[in-house]
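Q: For reference, the chains in residue letters:
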Amino acid sequence: MSWDYVLELIKNILVTQTGMPNLLIKQVIMMLVAFFFLYLAVGKKYEPLLLVPIGFGIFLVNFPLAPLMGYTEHGNPELLRAFYKYGVEWEIIPPMIFLGLGAMTDFGPLIANPKTLIVGAGAQLGVFITYIGTLFFGFTLKEAASVAIIGGADGPTTIYLTAKLAPQLLGANALAAYSYMAMVPLIQPPIMRLMTTPDQRRIKMRQLRAVSDREKLLFPLIAAILIIILIPAVAPLMGMFMFGNFMRECGVVKRLSETAQHSLMNIITILLGLSVGATMKAEVFLSWKPLLIFGFGLMDFIVCTFGGILTVHIMNFFLKEKINPLIGSAGVSAVPMAARVSNSEGLKADPTNFLLMHAMGPNLAGVIGSAAAAGMFIAMFQ
Amino acid sequence: MRKIDFIFLSKDQLLWLFCLLLILIVFPCRSWATFGEDREKPKPVFTRKGDKITAKLLPRAKSTSVLIDFEVSGAKLIEVQGMDFEEADRPEVNHKDFKSALFVIELGELTSGGEAKVSIISDFFIRSTQYWIFNQNLETPWMDSKAQNLDRPDQVQELIIKVKDGGPFDSDGTENGRIIMLGGPKDSFWGYALGTLFIRYFGIFIVLSILMLGMIFSGKIFQYLEGKKARAVSKPAPQTAPVQKAEKPDLSNNGINPEMATAIAVALHLHFSGLRSSEPMHVSRLRPTAWTQQGRAQIMSERLLMYNRDKR
Chain G
422 MSWDYVLELI KNILVTQTGM PNLLIKQVIM MLVAFFFLYL AVGKKYEPLL
472 LVPIGFGIFL VNFPLAPLMG YTEHGNPELL RAFYKYGVEW EIIPPMIFLG
522 LGAMTDFGPL IANPKTLIVG AGAQLGVFIT YIGTLFFGFT LKEAASVAII
572 GGADGPTTIY LTAKLAPQLL GANALAAYSY MAMVPLIQPP IMRLMTTPDQ
622 RRIKMRQLRA VSDREKLLFP LIAAILIIIL IPAVAPLMGM FMFGNFMREC
672 GVVKRLSETA QHSLMNIITI LLGLSVGATM KAEVFLSWKP LLIFGFGLMD
722 FIVCTFGGIL TVHIMNFFLK EKINPLIGSA GVSAVPMAAR VSNSEGLKAD
772 PTNFLLMHAM GPNLAGVIGS AAAAGMFIAM FQ
Chain U
94 MRKIDFIFLS KDQLLWLFCL LLILIVFPCR SWATFGEDRE KPKPVFTRKG
144 DKITAKLLPR AKSTSVLIDF EVSGAKLIEV QGMDFEEADR PEVNHKDFKS
194 ALFVIELGEL TSGGEAKVSI ISDFFIRSTQ YWIFNQNLET PWMDSKAQNL
244 DRPDQVQELI IKVKDGGPFD SDGTENGRII MLGGPKDSFW GYALGTLFIR
294 YFGIFIVLSI LMLGMIFSGK IFQYLEGKKA RAVSKPAPQT APVQKAEKPD
344 LSNNGINPEM ATAIAVALHL HFSGLRSSEP MHVSRLRPTA WTQQGRAQIM
394 SERLLMYNRD KR
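Protein chains in written order, with our numbering: chain G, 422 to 803; chain U, 94 to 405.
So that you can see chain G by itself, here it is in the shape it has in the complex (with noise of 0.2 Å):
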């Protein structure tokens, strides 16, 4: 055996089974993405439960050669390819993690005020500005709708939406979604004090009514029935959400419930942040329309609030008793953090006035409102 070969060996291993000599520049820009999206998870605590296996997907898929993404000589799916394909591909994760929301949602302020109901469809104004502004700047009419319902605050609904119509745009759109969401109280109360007078602020509202729980029992049916006959398309995701609350509230199956509430939820959120973070591979992750999708992002968020508001304002015209217009940016969804920001600028306004179960009504309504947004699109493609 000369030197020669014992080189040639040493070559030959090192460029076809390390990753060292295949690692490129912009796949060290990626990672260095991820950790940007795990310290703001870590380090700032913005939706630490998605980000960080966001960013830890973002983090393995960007090793050369690692058999993370790809498909094995038998066309088996690799790791995160299979979490990938069986997980969101086949659009079984989101209306599982619907389903685990629906058993941790508590509909009572939305039963007693269905008003709020109104507010949650007007804040959906901003997935219809951002979907036309979108195609004035090239996308496609799938694509287009896949960013503007980043707008609905909504990730599982995001997520489902851009996995069926452009999953090309997943990883954006989802880290897009999730990183607003998580900003909700630095891009709405700008807004809300903009769009608002000191004494609309301090409007007090009414105490809400006793929910029974008969009518928490058969809020998830007759909702079902109305909105997946109206939009059969939104039925996986709104069959899955209210099942959940069905289990939750019928009180015979708690062991299910918790179950959907907690392990189901994690096992879950970890398959699912591991299956958005492995899109983002640098060759396709690396372009201007990362940035374009969070400009437009943002500006969804916004209208989307301005929309919320500006609905309550015109619903003041209608009725006797006034809603405090604050509550109306709750109705972007982000439940809870919209409605903990409602309550939180009505005590700016007036230390005495609590809105936060005022506002988790809107903020319900907007869950309802993206999902049916999100089946108006999908209905659309048909």
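Be aware that one or more of the hints could be misleading.
[What the hints assert, rightly or not] Computed footprint of chain G on chain U; a stretch qualifies when at least three of its residues, placed anywhere within it, have a C-beta under 8 Å from a C-beta of chain G: (1) 153-163; (2) 287-299; (3) 308-320.
[To be verified] Think about it this way: if two alpha-carbon atoms lie no more than 30 Å apart in a straight line, the pair counts; the simulated DSS-like pairs of lysine-lysine are: (4) G:Lys743 with U:Lys313; (5) U:Lys134 with G:Lys506; (6) G:Lys637 with U:Lys321.
[As the list claims (entries may be wrong)] A few chain G residues facing chain U, derived, Cβ under 8 Å: (7) Ile532; (8) Pro535; (9) Leu562; (10) Leu639; (11) Ile648; (12) Ile652; (13) Gly790.
Simulated from the structure, these hints should not be mistaken for laboratory data. Note that beta-carbon positions come from the ideal geometry of N, C-alpha and C, so glycine has one too.
Model the placement of chain U on the given structure of chain G, informed by the hints.
A: Just chain U now, with coordinates in the frame of chain G:
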């Protein structure tokens, strides 16, 4: 400038970042317009069944396949093929208006200079769908074929185009008993995008309004049922009233029971010792129910009877 809690950027820096983003968005938008690979390019697959050729394709902005049938009268339909839009791209047309690809339709076996009718049938077309022809030998290569758009059952539309051998729609431009027609169905992209947008936005209002009405209606029913239940539970109370009434001391009778005697004694003691019972706190401030009011009135009238000495 006040530092705000946004990662590590000041308000000024944030503003600059936002402006930069806007500039990036506004100016070089044309260069990003297509975003690399055209993922939605329709790829039709053709099958022939007798004189009819059917194209199956996934049009732009659709998630489900559509079928487009081609039939001809007055000639023989030889072949239909798909065509890339790039070959026919001109500034006067927008490729987004052609959602279902372009087709090259070849007709034969007709007399020189003769006419034929091409029927293009699909449930993907709507009443406003036009069929545009491309002929690169003409000064203005793109033109509307002025196709007849007919309604057929099951929401299917039929476009009928009259085409003449050697005429403007014939790309070979010669009267040779053979016609090659290039073109495709055209729908207004912006008309569709904006129209569907408004319909769908108001659709969300309609859906949530219906849900709201359903909830208000069911809420009223529940409140009524709960109220009824509550009334049924509290119904025995009035029935016990006469029983209580029976226990009421008969003051016309001279015999005074020990309880009453004790109460009178305490009251006299308090009166003469200069102590007065203070007003019961808060009780009067609560909004009394009818039952409470009745009870109070009864107690007060009994007290008056006992302590109103003038009338004793």
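Q: Next step is simple, just say for each hint if it's right about the structure.
A: These are the hints, each one checked on the structure:
1. 153-163: holds (count 5)
2. 287-299: holds (count 9)
3. 308-320: holds (count 7)
4. G:Lys743 with U:Lys313: holds, 21 Å
5. U:Lys134 with G:Lys506: Distance of about 23 Å is within 30 Å: holds.
6. G:Lys637 with U:Lys321: holds, 19 Å
7. Ile532: This interface hint holds because 6 Å falls under the 8 Å limit.
8. Pro535: holds, 4 Å
9. Leu562: holds, 4 Å
10. Leu639: holds, 7 Å
11. Ile648: holds, 6 Å
12. Ile652: Given a least distance of 6 Å, the restraint on Ile652 (chain G) holds.
13. Gly790: holds, 6 Å
The structure is consistent with each of the numbered hints, conforming to all of them.
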